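These protein sequence lines map, in sequence, to chains W and R.
For the working numbering, add 711 to where a residue sits in the first sequence, where the first one is 1.
For the working numbering, add 711 to where a residue sits in the second sequence, where the first one is 1.
It is worth saying that the hints were derived from the structure and are not from the lab.
Check the hints yourself; a few may be wrong.
Result set (DSSO-like, lysine-lysine): computed pairs, CA atoms no more than 30 Å apart in a straight line [as the list claims (entries may be wrong)]:
1) R:Lys862 / R:Lys1136
2) W:Lys857 / R:Lys782
3) R:Lys857 / W:Lys1136
A quick note: this is a predicted structure, and the numbers were derived from the prediction, not measured.
Take a look at the letters that make up each chain.
2 protein chains.
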Amino acid sequence: EDKASEIASTANTPALAYALKVKESSQKSALSYDIVKSLTVEVGPRIPGSQGDKRAVAWAEAKLNDLGFDKVYKEPVRVRNWERGFADAKVVSPFPQELIISALGGSIATPESGIEAKVVMFDSLESLIAADKATVQGNIVFLNTKMQRDKAGRFYGKVVPNRVSGAVEAAKQGAQAVIIRSVGTDNSRFAHTGVMRYDDTVEKIPAGAISTADADNLAAMFASQQSSAEDIILNINMQAKDAGWQTSYNVIGEFTGSEKPDEVILISAHLDSWDEGTGALDDGAGVGIVTAAAKLVKDAVGQPKRTIRVILYAAEEIGLVGAYQYVRSNRDTLKNIIFAAESDFGAGQIYQLDTRFAEDVRNNPADLYAALQSMGVELGNNTTSGGPDVSMLPNYGVPVIALKQDGTYYFDYHHTPNDTLDKIKPEDIQQNQTVWAMITAYMAMSDFDPRPAPKG
Amino acid sequence: EDKASEIASTANTPALAYALKVKESSQKSALSYDIVKSLTVEVGPRIPGSQGDKRAVAWAEAKLNDLGFDKVYKEPVRVRNWERGFADAKVVSPFPQELIISALGGSIATPESGIEAKVVMFDSLESLIAADKATVQGNIVFLNTKMQRDKAGRFYGKVVPNRVSGAVEAAKQGAQAVIIRSVGTDNSRFAHTGVMRYDDTVEKIPAGAISTADADNLAAMFASQQSSAEDIILNINMQAKDAGWQTSYNVIGEFTGSEKPDEVILISAHLDSWDEGTGALDDGAGVGIVTAAAKLVKDAVGQPKRTIRVILYAAEEIGLVGAYQYVRSNRDTLKNIIFAAESDFGAGQIYQLDTRFAEDVRNNPADLYAALQSMGVELGNNTTSGGPDVSMLPNYGVPVIALKQDGTYYFDYHHTPNDTLDKIKPEDIQQNQTVWAMITAYMAMSDFDPRPAPKG
Ligand SMILES: [Zn+2]
Ligand SMILES: [Zn+2]
Ligand SMILES: [Zn+2]
Ligand SMILES: [Zn+2]
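Can you build the whole structure from these sequences, using the hints too?
Right, dumping it as structure tokens:
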């Protein structure tokens, strides 16, 4: 008797046998790494609606077809295309120096001649909001909040409001522009971009991020001033523009279920990226992980009983646009989704499985949970909202899971030019691939049904 | 009896007592860090001949005066000012992507419309030189040699000829331009600049460095080509320019010797930096270390018996220009230099003292060598050429020393925008300061005379 059937014979359930079989083959496969390598080398940056995005869509269709998915199709998503353009910042006085700046995604441009004004520094969005308007009026606001390193990336949520809402709050206080300390954990001169928002009732002002090293430098200038009466004058010039509506696509590949084709295992990532890096960690890694997982399951177990659907979402970065479109376009069939999940936190190893499963059956796949422990993955809570692009699905009763990854270094690279392939360790992305493949195999080959998701 | 005289009484010689006294006070002082912080925050980038360089000279004079040096003066140095300008590189086909590029220092510009040509990749300068000219003619040469990480930075010398001589060798083979994989040990998207050379007998072509991550990406494109017949087309546009002659200065501060004012302890660093970072490691750290060492010695031991001369050299980066000028301007008094040394390898801790002392007396300061062991510094060879700006002095019989620093991470940041203050650990630069102060105190207060330096 062969090795695979030996493994199978040790399994508690037939479904687990399949999971263990794909575990073995995945541990010999570099497919997820090869996929993200192909995406970053052959496509690279792919901001929604850009030429890179269009090439990414073509690449994804070709890749899914090449891998032998039964069905490969795409669904249109209307996206607003934003172009970064030139960006420049310099301290004019008292200590003339260039600062490294990136426009935040969606920011309006400065006038062509730039904006030159006094800088007022705040350590948090709260202190900006609480400030005397007279001290802010006409100035450039500098939000200088540090972000702490953390395995789970828990401090992102605390600092990201600076990026998302800094422009609105600074404009309410009469500022001409806002710059933020990058939302990142590195000490380097890469600025971290990311989406920002305007409010139609508040004047729009330009918004950029400076690198953490430049934020330290600028903050130190305040301490080096001869007197507090001496102003720090900054000149910023950013020529970003709104390039209008474009069509992007959610790209979808399926291995159709042999027994229950209407029951869907939905695993996903987002195809778009920011424009300065090659989107290796965010979210090429996820694209590689879920695509490889589906393919490895097919190769190891044959045609799945349930349908495995891989969705590579459009335009996550500018507000889950592809994901919301998917819900609108597929409202009637959401009920067929057994569970949904997204990989979108880089390629660090998975250490925890969180779920949002019907409470009464949540512990039924105990054999799967036990098998995942051999991969270093512990069972966590049952209250997750899943990854960003599946986070709206529990509202429709769709169960979700989240495979929590070690994100200790994720925010060193996130949304910077430095998000490139070399940041992915082959052994780490392989562990991700294996965990996703095991869960996908188990769920595609079992009758376990966690529907409906409990309400939040 | 007070603490200092207790320490003194345990010393073998009076000179050692002074060294131990300044060791104690240095270990409570952050002066070297404060100096490099002031330089990077208040001046920042200072490429020879630039406005930043002029500000750095003024800063240095003011700083030495503020610290109470007896004599502060400057000596003019004619330097060629080079301006980086705009730089851009993109793969045109088959995989359109931007690459991060920096012009090498001294490079000519491309035509205003850039250069668009096929890329030919070589793994070393030797393989470029050995190539069939027909394969290179009219193309863009890509020199893709990796640099290994090393505590002593020993692989810099092996790879830096790509940067210095790549343009000449590529032009000899008929190339239109050359790009090199950055001479650096990081995996990031910072390009490492640095000086390059032309040869008057060979056509000048533009030369740039791409980041290591971009070099990996570009190399991977060759592997992803559909066939080897498919060319990789690159467009590079760099608008560097020679901005003509300017006057810079070697800035010099002295504590004049009370007993032997004509005997000089020469400790040095270079004041200039490349233009993309703030020159914290290269060589703000050195400026902080030697300036602080001299000041701490003065404070701890009073007026030194011999003169302590701190030289902050101009224009090291473009070929030791200030150092050669110093030799020309001071030829007659070089014989008075007891020893010379330069700190120019960042702020990693010192682990070895190399010397170039007259052989017969080299081991006389055994008590100093033993005391340095308590700082983690072992005695090394007697064949060093010292740091860059003092490397020509042994030819004139001037003894030199080299304090070897841990350079494991130095070439991650060297000559990049990422050479900023946050890369310096206060405890590391303090160890440097203390070791330099101990040696300076010992040599300034003793009769030990290592002249003349043995010939190389
Ligand atoms: Zn993402
Ligand atoms: Zn993102
Ligand atoms: Zn240097
Ligand atoms: Zn240098």
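Structure-based check of each hint:
Proposed proximity of Lys862 of chain R and Lys1136 of chain R is supported: the alpha carbons are some 17 Å apart, at most 30 Å. A C-alpha spacing of about 43 Å is found between Lys857 of chain W and Lys782 of chain R, which places the hinted pair above 30 Å, so the restraint is violated. Simply put, Lys857 of chain R and Lys1136 of chain W have alpha-carbon atoms about 19 Å apart, close enough for the 30 Å limit, and the pair holds.
Checked against the numbered hints above, the structure violates only hint 2.
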